[in-house]
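In case you want the letters, here they are:
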Amino acid sequence: NAGVTQTPEFQVLKTGQSMTLQCAQDMNHEYMSWYRQDPGMGLRLIHYSVGAGITDQGEVPNGYNVSRSTTEDFPLRLLSAAPSQTSVYFCASSYSGGEQPQHFGDGTRLSIL
Amino acid sequence: GESVGLHLPTLSVQEGDNSIINCAYSNSASDYFIWYKQESGKGPQFIIDIRSNMDKRQGQRVTVLLNKTVKHLSLQIAATQPGDSAVYFCAETAGAGSYQLTFGKGTKLSVIP
Chain P
1 NAGVTQTPEF QVLKTGQSMT LQCAQDMNHE YMSWYRQDPG MGLRLIHYSV GAGITDQGEV
61 PNGYNVSRST TEDFPLRLLS AAPSQTSVYF CASSYSGGEQ PQHFGDGTRL SIL
Chain L
1 GESVGLHLPT LSVQEGDNSI INCAYSNSAS DYFIWYKQES GKGPQFIIDI RSNMDKRQGQ
61 RVTVLLNKTV KHLSLQIAAT QPGDSAVYFC AETAGAGSYQ LTFGKGTKLS VIP
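Just so you know, the sequences run in chain order P and L.
So the first sequence is numbered by my numbering: it starts at 1 and just counts up by one.
So the second sequence is numbered by my numbering: it starts at 1 and just counts up by one.
Only chain L is shown next, with the shape it has when bound in the complex (with noise of 0.2 Å):
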């Protein structure tokens, strides 16, 4: 079945240098996509969003980059902090007026002080 996935399941970062988590979605019809955060003993923690007529989104340090053509979704954190050290989800939507959020597996971001 159509999922989404990621391609790094660990990246390790200096403190103060810049990360980039990959995803890659299989679904074409997806619309929707969210980048969250987990910290250990926590829930996910929503972090920033996309929608499919977006091909970038800036918050607070955090870029989200969406390319359709290639079904490719990134979150960039500028100068990363030891607080950013978590397992970072991305998830879509299964397409226009569903409620069913799919997620891929995480990718464990350690930063290095």
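Chain P extracted, bound-state conformation (with noise of 0.2 Å):
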């Protein structure tokens, strides 16, 4: 197994670009979700999912959109890249979310000009 697999490592983006962040587990997780990490803020939960066509706004989800239309797949979209969306972001996966150890990827490191 891959475990969970984000696309691309890196990316720069202009102020205003759209751009989709890609996320892929091969672990048959029902539960997905997508998280910030800035300096000093620990992560921080934009969006997440409990299964195929069913997804939730996490703490902080302006900006961003995700659908879940399969179960191995989660992207999330920027819809108009701002500076402060500077940010790694990891996305995760769990069994069944609640009581599950969830699965990390190892990230995307957006910058945004």
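A portion of the hints provided could be inaccurate.
[Claimed, not checked] In silico contact screen, one side only, chain P against chain L (beta carbon under 7 Å); selected entries: (1) Gly42; (2) Leu43; (3) Gly105; (4) Gly107.
[As the list claims (entries may be wrong)] 20 Å max Cα-Cα, derived SDA-like pairs, lysine to any residue: (5) L:Lys105 x P:Pro39; (6) L:Lys42 x P:Leu110; (7) L:Lys105 x P:Gln11; (8) L:Lys105 x L:Ser19; (9) L:Lys42 x P:Asp38; (10) L:Lys56 x P:Asp106; (11) L:Lys105 x P:Thr55; (12) L:Lys42 x P:Glu99; (13) L:Lys56 x P:Val60; (14) L:Lys42 x P:Thr86; (15) L:Lys105 x L:Asp49; (16) L:Lys42 x P:Gln11; (17) L:Lys42 x L:Ala94; (18) L:Lys105 x P:Gln85; (19) L:Lys108 x P:Pro39; (20) L:Lys68 x L:Ser110; (21) L:Lys105 x P:Asp106; (22) L:Lys105 x P:Met41; (23) P:Lys14 x P:Leu110; (24) L:Lys105 x P:His103; (25) L:Lys105 x P:Asp38; (26) L:Lys42 x P:His103; (27) L:Lys42 x P:Lys14; (28) L:Lys68 x L:Ala94; (29) L:Lys42 x P:Arg44; (30) L:Lys68 x P:Glu99; (31) L:Lys42 x P:Met41.
Hint data in this document are derived by calculation from the structure and do not stem from the laboratory.
Built from N, CA and C at the ideal position, the CB exists for glycine as well.
From the two separate chains plus the hints, produce the assembled complex.
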């Protein structure tokens, strides 16, 4: 198993551009989530999904969209990139959410100029 | 709002000594806690978890202690090794049935050879 795979590893965008961060897992996990990690802020939940076709907002959802058309994939879309979205983005998955440890990818390092 | 935090942002220990990383939480409804290790350039890696009906759980060289009376969580690492150098995060679920994991800001552990 590859676990949780995130692409790209690095990305630089200009303000106003849009892009999609990809996340895929091969563990047949129902629960997937996106976090952003900023210096001194820890990880904050952006959006999550408890299964295909179901998504919900986390702590910091503004400026991001998600969809979950398959169990394996959970892409995160930046609609119009802003410098405040410069961060490291992590995708995670777990068998059922709740009281199950989440497994993380190695992140996408995103800079918005 | 309620959050998870850490008492010490940095911790330096001599190789071979035991390490103790502390975490305070404020949500009395939290019922599941996890410790993660994050190495530079990598995603958080699951170390150990504990449910609120337990006060201690042991893994390989690691022990997690939970004191619900004072809402305190600790991670003990026995015989600390250079490979243990990383940032350690505690995290909690927001309550029974919640899918949202709330992270603390992290403690950096440096092991002195």
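20 Å Cα cutoff - pair Lys42 of chain L, Met41 of chain P: This hinted pair holds, its Cα atoms lying about 17 Å apart.
Hint consistency between Lys105 of chain L and Ser19 of chain L [alpha-carbon to alpha-carbon, up to 20 Å]: Distance of about 18 Å is within 20 Å: holds.
Restraint check for Lys105 of chain L with Thr55 of chain P, where alpha carbons must lie at most 20 Å apart: Violated, because 26 Å separates the two Cα atoms, which is more than 20 Å.
Cut-off 7 Å, beta-carbon criterion: hint that Gly105 of chain P touches chain L: holds, 5 Å
Evaluation of the interface hint that places Gly42 of chain P against chain L, nearest CB under 7 Å: holds, 4 Å
Given pair status - Ala94 of chain L, Lys42 of chain L, alpha carbons within 20 Å: violated, 25 Å
Gly107 of chain P as an interface hint toward chain L, with CB separation required under 7 Å: Interface hint status for Gly107 of chain P: holds (5 Å vs cutoff 7 Å).
Distance restraint between Lys42 of chain L and Asp38 of chain P, which requires alpha-carbon spacing of 20 Å or less: Holds, at about 14 Å.
Distance restraint between Lys42 of chain L and Gln11 of chain P, which requires alpha-carbon spacing of 20 Å or less: OK: Lys42 of chain L and Gln11 of chain P at ~16 Å, within 20 Å.
Holds or violated: Lys42 of chain L to Glu99 of chain P, with C-alpha atoms at most 20 Å apart: Roughly 23 Å separates the two Cα atoms, so the pair is violated.
Distance restraint between Lys42 of chain L and Arg44 of chain P, which requires alpha-carbon spacing of 20 Å or less: Between Lys42 of chain L and Arg44 of chain P the Cα gap is close to 16 Å, so the pair holds against 20 Å.
Straight-line alpha-carbon gap Lys68 of chain L to Ser110 of chain L, limit 20 Å: violated, 28 Å
Taken one by one, the earlier hints fail for this structure at numbers 7, 10, 11, 12, 13, 17, 20, 27, listed in ascending order.
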